[in-house]
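Q: Given next are the chains, with one letter for each unit.
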Amino acid sequence: MPLKKTNIMIKGSLYFSYTVILICFLFPLFWVVSLSLKNRQEIFAAPPRLIPKEIAFSNYAHVLQNTSVVQYLFNSGKIVIATVLLTLAIAIPAAFALSRLTFRWKREFLLIILMTQMISAVVVSVPLYRFFSQVGVLNNFYVLVIVYAAVVLPFSTWFLKGYLDTIPNDLDEAAIIDGCNRWQTLRKVIFPVSVPGVASVTILIAVQSWSQFVVPFILLDDSRLYPVSVGIVNLQSTQTSVTTHYLAAGSVLSILPVIILFVLLQRYIISALTSGAVKG
Amino acid sequence: MDANNNMTINHAEKKRGSWRSSPLLWLIPLIAVLAFVFVYPIFQIVRLSFTDANLIDADFDYTINSYIRLFTLPGFYQMLSTTSFFVFFSVVFQLICGFFISLLIVQGEKFKIKGTVIVRTAVLVAWAVPGVIIGIIWNTMYNETDSGIFNYILSFIGMGPQPFLSDPLLSLLSVTIANIWRGTAFSMILIYAGLQTLPSDVIEAARIDGANAIQRLTRVILPILSPILLINLIIISIDTFNTFDMVMALTGGGPGRSTEVISLSIYNSIFNKFNMGEGTATAVVLLFINVMMTMVYLKVLGRKDK
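Residue numbers (my numbering), protein chains in the order written: chain A, 1 to 280; chain B, 281 to 586.
It is possible that some hints are incorrect.
Said to hold, decoys possible - A few chain A residues facing chain B, derived, Cβ under 10 Å:
no.	residue
1	Tyr18
2	Thr19
3	Ile21
4	Leu26
5	Ile51
6	Phe57
7	Ser58
8	Val70
9	Val147
10	Val189
11	Ser251
Said to hold, decoys possible - With a straight-line cut-off of 27 Å between C-alpha atoms, the simulated DSS-like cross-links for lysine-lysine are:
no.	chain 1	residue 1	chain 2	residue 2
12	B	Lys579	A	Lys5
13	A	Lys4	B	Lys579
14	A	Lys11	B	Lys394
15	B	Lys553	A	Lys5
No lab work stands behind these hints: they were computed from the structure.
Note that this is a predicted model, so its numbers are computed, not measured.
For each residue, glycine too, the CB sits at the ideal point set by N, CA and C.
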């Protein structure tokens with residue numbers, strides 16, 4: 001067979017498989033958007049309609065006005081920003097030390113950090129719930145953020161350490177000869193050149209913390225503090241007031257920030273994930 | 281090389297008479313947070329599992345009754361086999377789907393065809409959607425009435441309405457399929473990263489030697505990728521054992537306890553049945569699974585380093 005013809009065949013079958021993959025992965029999202037725009041009759045229509053006959057934007061208005069979804073979104077935003085800041089403040093110096101200093105037990109220390117990453121959040125949340133309720137800090141925002149940060153700290157530290165390892169030591173040397181101490185070296189020389197790595201890890205922390213469910217589900221019982229993940233489950237369980245189309249609209253609202261972030265930053269996210277992946 | 285560079289720095293520091301570098305100051309915040317959120321609770325949960333404590337009171341006595349009761353409950357083994365089914369099929373199919381999708385994307389990039397970025401993004405979006413939302417979405421798609429979309433699609437191929445979420449066995453399958461959808465992106469991205477590092481001259485050499493596409497895949501690409509596949513396998517196994525949010529929102533563990541995976545079982549025992557002993561003992565079982573799998577992981581990483 002001539003080369004040109006095989007090429008066309010390969011391209012054709014690639015396009016075909018891309019279509020199948022796209023349908024598989026986008027259909028559930030399409031479906032929830034479709035549900036969120038249906039009115040009550042169409043929710044129960046049999047057979048189901050892919051695209052609603054009448055687009056009911058009023059579902060969104062209803063959800064925004066009559067449920068706490070806006071509050072939940074706001075809470076999630078607050079938690080995510082605080083978690084990102086706290087995690088970076090802890091992980092950057094730690095990663096710098098793990099990348100630049102030589103000390104005993106370094107390898108063991110790195111492995112222990114890695115191990116904490118593997119521990120189920122349910123397992124640690126139960127004793128924490130008990131402890132927090134005894135000392136009276138359940139529903140405390142700052143304590144909650146510390147737990148959120150702890151969940152993402154292991155991979156953030158590993159990721160940043162890996163990134164700093166790729167920055168040549170000559171820079172440190174030059175800074176030290178110019179009279180910087182270690183802290184100044186990090187602040188004035190290393191940090192500015194590691195902004196891309198910090199940006200990548202920020203995205204990963206933000207996505208993970210936005211999705212975080214177990215920690216707030218167990219450690220919060222004041223619904224005014226719920227992040228959107230717990231808030232939506234709460235809406236789901238109070239089904240008398242919320243029917244499917246409203247639940248769908250709430251779900252769409254709660255994934256919209258992540259999806260927008262994703263489509264805008266997808267190139268950086270891919271490189272963040274792949275560079276993290278290769279480091280293991 | 282690393283040691284060399286560090287030596288020069290130490291040398292420079294000594295020459296300037298600056299302070300000797302101790303790592304402790306840099307690491308203390310990290311150590312404090314991890315000790316507080318991981319080390320202390322792990323110690324506590326193991327201790328609590330050997331007591332008759334409840335969720336609130338501070339007093340308790342030591343006993344091993346929780347374990348004796350747990351290991352004699354038939355429900356415990358039922359839950360373990362539910363979890364095993366869920367983990368095994370999730371992991372196998374996430375790995376297979378992730379592998380083929382990344383292979384297709386890399387192929388597409390080679391032919392410079394449009395759409396690779398869209399496919400990549402679409403798969404990754406599934407990974408970014410919070411687990412509870414995935415549970416809710418799939419719950420609506422599995423709707424068993426005439427307005428359910430999956431049953432509508434199945435009706436075209438004459439497979440009639442299926443009790444996706446009310447039949448014990450089928451519901452476990454339904455949960456597993458939703459989880460495969462969710463987790464494929466992670467495997468895809470890891471394998472995609474691995475495929476980028478593949479030396480193209482080796483594959484070219486195999487092609488010149490007359491290896492066809494399937495031979496190149498099984499004899500060249502797979503062996504080179506095998507360390508990454510193994511690491512991927514372990515990470516997603518641990519992740520799947522720890523799954524809670526998606527199942528919680530999709531079935532809540534039901535019908536009955538047929539989709540109650542291990543972390544859901546811990547939660548239900550403690551917070552719904554108020555059975556602290558059973559819950560903490562189950563948590564220690566999960567902890568044991570986590571630690572065992574991590575050991576395997578570290579072993580594999582150590583081998584890769586050499």
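Q: Tell me the numbers of any earlier hints that the structure contravenes, in ascending order.
A: Hints 5, 6, 7, 8, 10, 12, 13 and 15 contradicted; others consistent.
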